[in-house]
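Novice: What follows is the residue order along each chain.
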Amino acid sequence: MNLWLIPLCPLIGFLLSGLLGKRLPKQLVNIVCVGSVAVSFGLVLFLLAQIYPVDTPVTEHDFTWIQSGFLKVGFDLTVDRLTAVMLLVVTGVGLLIHLYSIGYMDHEEGYGRFFAFLNLFMFFMLVLVMASNLLLVFVGWEGVGLCSYLLVGFYFKEKFAGDAANKAFIVNRIGDFGFMLGIFLLLIQFKTLDFVSIAAAVKTMPIETSIGGTLTVITLLLFVGACGKSAQLPLYVWLPDAMAGPTPVSALIHAATMVTAGVYMVARVSFLYDHAPSAMHIVAIVGLATAVFAATIGLAQNDIKKVFAYSTVSQLGYMFLALGLGAYSAGIFHLMTHAFFKALLFLGAGSVIHGLSGEQDLRHMGGLRKAMPITFVTLGIASLTISGVPFLSGFYSKDAILAAAYESQWPWMFWVGAGTAGLTAFYVFRAYFLTFLGKYRGHHHPHESPLVMTFPLMVLAALSIGGGFLSVPQWLAPMFPLTEHGVDLTPMLISVGFGVGGIVLAYVMYVLAPGLSDGVKSASGPIYTLLANKYYIDELYSAVIVRPLILVSRTVLWRGVDQGLIDTGLVNGLGKVIEAFGSVARRWQSGSIRNSATWILAGSLLLIFILGLGAAR
Amino acid sequence: MDHIPVSWYLTLSAILFGMGVAGFIYRKSVITVFMSIELMLNAVNLTFVTFSYQNRNIDGHIYSFFVMVVAAAEAAVGLAIILTIFKNRGTLQIDDIDSMKL
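Same order as they appear, the protein sequences are chains A and B.
For the first sequence, position 112 matches number 1326 in this note's numbering, and the numbering has no gaps at all.
For the second sequence, position 94 matches number 827 in this note's numbering, and the numbering has no gaps at all.
With the rest of the complex left out, here is chain A (with noise of 0.2 Å):
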């Protein structure tokens, strides 16, 4: 079968919704956008059962693309196991999500334009995972890129829309660029971006002990790209703001897929992260420091996308720590299940806002629960599943990134992720109780959303609860040895503590006594306005970075350099020299005819003076 078939399909959605979309009435566009990406599920569907048991990587090399000295890199694309969790995951969640967005922009302006960008967005996606080589990845890598800025902006008549998806893409240069400096290294050091032939050059190197040496070099600026994209400390500030585009996107691209595309980088080119452990340990710890600093920062946040955004940064978190304990099949297994639970709660939060016509205030909503049933359960499982709840699936996700943190090098690891287990259980519910329990605070009429909403909503908590038993570790284990963890009660039963703990602990404060929120809020003082300002850390960058860059921008780049130097003094300034010279050539072009004649007349007597010398002599 042919691999490029699979992203082809939403290329040409997007082309079709692209170039005609405000022709096309909302039904076609519905046909075309969300077909072509059901068509691309299956394909993929028939492509795994074809060839089933992934044993070996199906490659194929569809053209090449840049030849150049020892440089040759093709459009290939592979199919092995990793990238068919991937694929799965992208085109299933992908799909649903697209059927979830027919019902969610109905009312909104800009229906083919939404789509267009969705499909856009799956196609690089699809490239993105399934690429055999680094620079491929980085296509796909800078083309989600570009649709999570596009989609951030979609409601670009609000300023703050378009702040966000500039923030977004202005912070994710700053990753991209660790990221292109660690594919010339590796350029320079392998002569090749294919990872098949780096993984086998790689492997008869010797494992960096400095942290100095190349791999090791070649992996932290790897690394810092998926900071950038996966939105890990200290680069995670655009994720939260990226929360101003449509709940679909933020569903899609900003919880299930792209921002997991870090994760999913470093897992292919684990090979390399193999051999530098000192860069592992730094990724184990920037993952762990995310996970617990965004899920402090989720506990007073009253926006309810908000919440969930940063209670994907701290997921992002768990699976950073994952890569860098060497975990790599715990992550991915996290990326999948949280892909699943984590698209949930952005649809049902989306469903919610939806309902209460664009509401996003937790302290606005409550008592839907009986305004919106299957909202309700859906995301109450999705909440349960994100706490770690028993035999749902972020149960046995988490609980495999816990046990290899237990069994690590440095088990205080696992009692900082087990704690923030329990901050997780506890901000998620906080929100879920306050948005469905209670009284209704709101002014609205809330309504339970459409099924083409709902719908999605329920295949996405059927996957939550039974994902765990996909075992994503073993289906891995070829690519990434199992580390096999004797069955250790220990860590699961304090994870679960933590997680049961913190839900009982947000059921006891918001629903129970809800007067005991506003007193611990009180008691707290300072280090609660610290977390609801989220560690100041916008405004220190802004004072640190941004106003800093503005103002040199504006006094020594504009006004010195650009109006200074280039405008009053190489522009202005040659005009001037030029009107110099012209001022005084002028006066030979009068215009009045005896001057010219009297001019001809003397260039013609020179003429004649100097021919006659030349007789003369």
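These are computed hints drawn from the structure, not numbers from a lab.
For every residue, glycine included, the Cβ atom is placed at its ideal position computed from N, Cα and C.
There's no promise every hint is true.
Label pairs and their in silico Cβ distance ranges [unchecked claim]:
#1 B:Gln826 x A:Ile1824: 32 to 40 Å
#2 B:Ile795 x A:Val1785: 51 to 59 Å
#3 A:Lys1790 x B:Ala806: 33 to 41 Å
Far from chain A by the CB rule (all over 12 Å, computed), these chain B residues [as the list claims (entries may be wrong)]:
#4 Ile737
#5 Val739
#6 Phe757
#7 Tyr759
#8 Val763
#9 Ser769
#10 Ala805
#11 Glu807
#12 Ala808
#13 Thr824
Given chain A, put chain B in place with the hints provided.
Specialist: Only chain B this time, still in chain A's reference frame:
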């Protein structure tokens, strides 16, 4: 004609040409300027014919015929232009006709 030297013809031609140039430069009326041009043309014609005679060659004669034809055509067009200018502006003073100047 044998006893009139070639240099006399050339001198006459030079004098005529000089008068033409002087008229062109110093006279103020368009008509006079125009006549000065004709004078220069004829001075050149005289030179052509003189050299043609001296070299026993017909080319100079042919040239001078060409010049005469062109001068006649030019006179027709030029006078028409002068007439139109006079009609439109009521003057033929060359210094007043300066609308093409910067």
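Novice: If a hint holds in the structure, say so; if it does not, say that too.
Specialist: These are the hints, each one checked on the structure:
The supplied range of 32 to 40 Å is met by B:Gln826 and A:Ile1824, whose beta-carbon atoms lie about 37 Å from each other. The supplied range of 51 to 59 Å is met by B:Ile795 and A:Val1785, whose beta-carbon atoms lie about 57 Å from each other. Roughly 48 Å separates the CB atoms of A:Lys1790 and B:Ala806, a value that falls outside the hinted 33 to 41 Å. In this structure B:Ile737 is separated from chain A by more than 12 Å, as the shortest Cβ-Cβ distance comes to about 24 Å.
For B:Val739, the shortest C-beta to C-beta distance to chain A comes to about 17 Å, beyond the 12 Å cut-off, and the non-interface label holds. Here B:Phe757 does not stay apart from chain A, with its beta-carbon only about 6 Å from theirs, under the 12 Å limit. Listed as outside the interface, B:Tyr759 is inconsistent with that label: its C-beta sits roughly 8 Å from the nearest C-beta of chain A, within the 12 Å cut-off. Interface exclusion of B:Val763 from chain A breaks down, the closest Cβ pair being 10 Å apart, not more than 12 Å.
A Cβ of chain A approaches the Cβ of B:Ser769 within 12 Å, the least distance being about 10 Å, so the stated non-interface status is violated. Its beta-carbon lying about 23 Å from the closest one in chain A, B:Ala805 satisfies the requirement of being farther than 12 Å from that chain. Non-interface status of B:Glu807 relative to chain A is upheld: no Cβ of that chain comes within 12 Å, the nearest being about 16 Å off. Every C-beta of chain A lies more than 12 Å from that of B:Ala808, the closest at about 18 Å, which supports listing it as non-interface.
Interface exclusion of B:Thr824 from chain A stands, the closest Cβ pair being 15 Å apart, more than 12 Å.
When the structure is compared with the earlier hints, violations turn up for hints 3, 6, 7, 8 and 9 and for no others.
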